[in-house]
Amino acid sequence: MKKENMAMDTFQGYVRPNGKVGSRNLVAVIPSVICATDVAQAICRAVQGTVGFFHHQGCCQLPLDLKRVTDTLISLGCSPNVGAALVVSLGCEGTDVERLVQQIAATGKPVEVIRIQELGGMSRAIQKGTDLAQKLVMEISGLQRQTVDISNVVMGIKCGGSDTTSGIASNCVIGYVADKLVDMGATVVFGETTEFLGGEHILARRAVGGENGPVGQKIYEIVRRMEERAKAVGEDMRGGQPTPGNIKGGLSSIEEKSLGAIVKSGHRPIQGVLEYPQMVTTEKGLWIKDAPGREPEILTGMAATGAQFLMFSTGRGAPQGFPSMPVMKICGNPNTYARMPYDMDLNAGQIITGQRSIEEMGEEAYALALQVLNGRMTKNEAIHYTSTMDIYCLGPVI
Amino acid sequence: MEERKLALKVDDKDNVATIFANGIINGTEVEIRDKKGDCEPVNVIGDVPYGHKIAVRDIQMGEPIMKYGERIGAASADIRKGEYVHIHNMVAMRGRGDL
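Here the protein sequences line up with chains E and A, keeping their order. Each number in the working numbering corresponds to the 1-based position in the first sequence with 133 added. Each number in the working numbering corresponds to the 1-based position in the second sequence with 25 added.
Hints are supplied without guarantee of correctness; some may be wrong.
[Unchecked claim] Derived pair list, reagent style DSBU-like, types lysine-lysine, alpha-carbon separation capped at 30 Å: (1) LYS106(A) x LYS38(A); (2) LYS381(E) x LYS30(A); (3) LYS313(E) x LYS38(A); (4) LYS381(E) x LYS61(A); (5) LYS351(E) x LYS38(A); (6) LYS381(E) x LYS106(A); (7) LYS60(A) x LYS381(E); (8) LYS313(E) x LYS351(E); (9) LYS60(A) x LYS313(E); (10) LYS106(A) x LYS61(A); (11) LYS313(E) x LYS61(A); (12) LYS381(E) x LYS38(A); (13) LYS381(E) x LYS512(E); (14) LYS60(A) x LYS38(A); (15) LYS351(E) x LYS364(E).
[Unchecked claim] One-sided excerpt, in silico: chain A residues whose CB lies under 8 Å from chain E: (16) LEU33; (17) MET115; (18) ARG119.
Please keep in mind that the hints were generated in silico from the structure rather than gathered at the bench. From the three backbone atoms N, C-alpha and C, an ideal C-beta is built for every residue, glycine too.
Please take these sequences and the hints and turn them into a complete structure.
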């Protein structure tokens with residue numbers, strides 16, 4: 134019994150030079166701008182063990198967004214599932230390539246850079262990049278997993294393709310796992326600021342320092358920012374949130390969606406709010422990441438946080454994943470699970486049908502999470518459903 | 026085994042309950058079940074898809090719609106006990122440009 138308990142408190146991970154621990158050991162190919170994507174894609178196709186961050190940003194944006202894109206790419210490169218990085222630059226982009234390379238290298242992991250214009254175009258850049266990516270793969274692919282304490286875990290959480298089962302089944306399961314991990318000294322990050330609308334008072338009261346403290350007030354502020362941004366273009370969120378799929382699933386308002394969504398954050402105090410490109414600090418516990426609900430942007434935000442994996446709750450059946458971060462699908466709707474068994478990792482719909490309790494499903498989800506941290510593939514990983522990524526920017530394209 | 030036709034009321038303050046059963050049409054009897062497991066039968070007004078809501082009491086136009094013990098919007102029409110509640114008779118109060 135004791136041995137079993139001890140085994141539950143550790144996982145097998147890749148320990149990086151800066152002490153962070155990854156659940157995967159990948160070479161990240163990072164285009165500094167959308168215009169470098171084709172080259173980066175060709176390199177990824179040629180070299181096993183690589184993943185690409187194929188975003189659509191990095192040029193003709195406001196300075197604040199260019200900084201945001203650079204910072205986000207840095208955090209992705211620094212994230213512990215990445216063992217080495219190859220930056221693919223065009224040569225005239227708006228992002229800060231020098232800072233990107235330097236800051237990833239500062240973690241102690243190998244970093245290389247190629248510049249398409251300098252190398253003489255696409256074909257030469259692909260050749261050079263392929264050679265460098267292969268070298269990086271050879272360098273890191275022999276790294277062995279080590280046993281580390283569960284407190285090294287950073288779990289991202291999200292719900293997508295929600296229906297009314299999400300708030301009653303799958304989000305409750307994730308909330309159970311979130312509480313369990315926080316109690317064991319790990320870090321849990323949730324976001325989807327849009328889906329705090331109507332439930333922000335509940336979250337603010339859970340903030341360290343209370344509703345009127347700096348964290349509580351920050352929670353109100355990020356919700357206000359999100360609501361104002363929609364109003365600023367003369368529109369309101371209805372028609373966008375809840376989505377047509379949510380409405381078909383029985384969710385009637387953004388408030389209803391929000392209240393069901395925040396259940397997945399569990400019950401522990403909220404330590405603080407992370408800006409979109411920001412990584413977790415050394416302080417553990419439950420955190421908020423200020424990110425919208427749409428999958429490409431929030432999955433990127435969570436990977437940039439340093440999450441080694443993400444627990445994703447769904448009712449209607451959201452199947453997508455991210456290049457460098459395993460995404461576990463916890464399905465709250467038993468009918469959806471029956472229809473999409475090759476995309477959904479866990480059937481939390483058993484709560485709706487009365488076969489299992491939230492606690493039983495929570496323990497099962499936690500056990501599966503440990504296996505995923507140890508290297509077991511999630512269903513989306515096994516079938517390469519992994520390219521849902523983009524960077525959330527604030528201003529217009531100019 | 027016949028599927029039990031349950032409408033779950035998740036908080037005591039709620040005036041709607043969520044149906045997790047298929048084939049609920051106008052006149053079908055369902056059991057409104059609260060947190061303690063107490064049940065009350067009601068005849069559904071309207072065809073209600075899986076995962077959608079019904080009123081557990083009469084609700085007047087303008088009254089808050091309550092779920093999870095919190096406000097999820099307001100009634101945009103008078104709603105009778107047992108009646109289907111969705112975007113045709115309730116509105117969101119948040120994220121709007123007109124309030």
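Hint-by-hint comparison with the structure:
{"no.": "1", "hint": "LYS106(A) x LYS38(A)", "result": "15 Å, holds"}
{"no.": "2", "hint": "LYS381(E) x LYS30(A)", "result": "20 Å, holds"}
{"no.": "3", "hint": "LYS313(E) x LYS38(A)", "result": "29 Å, holds"}
{"no.": "4", "hint": "LYS381(E) x LYS61(A)", "result": "29 Å, holds"}
{"no.": "5", "hint": "LYS351(E) x LYS38(A)", "result": "29 Å, holds"}
{"no.": "6", "hint": "LYS381(E) x LYS106(A)", "result": "22 Å, holds"}
{"no.": "7", "hint": "LYS60(A) x LYS381(E)", "result": "26 Å, holds"}
{"no.": "8", "hint": "LYS313(E) x LYS351(E)", "result": "25 Å, holds"}
{"no.": "9", "hint": "LYS60(A) x LYS313(E)", "result": "24 Å, holds"}
{"no.": "10", "hint": "LYS106(A) x LYS61(A)", "result": "21 Å, holds"}
{"no.": "11", "hint": "LYS313(E) x LYS61(A)", "result": "25 Å, holds"}
{"no.": "12", "hint": "LYS381(E) x LYS38(A)", "result": "25 Å, holds"}
{"no.": "13", "hint": "LYS381(E) x LYS512(E)", "result": "26 Å, holds"}
{"no.": "14", "hint": "LYS60(A) x LYS38(A)", "result": "11 Å, holds"}
{"no.": "15", "hint": "LYS351(E) x LYS364(E)", "result": "20 Å, holds"}
{"no.": "16", "hint": "LEU33", "result": "7 Å, holds"}
{"no.": "17", "hint": "MET115", "result": "5 Å, holds"}
{"no.": "18", "hint": "ARG119", "result": "5 Å, holds"}
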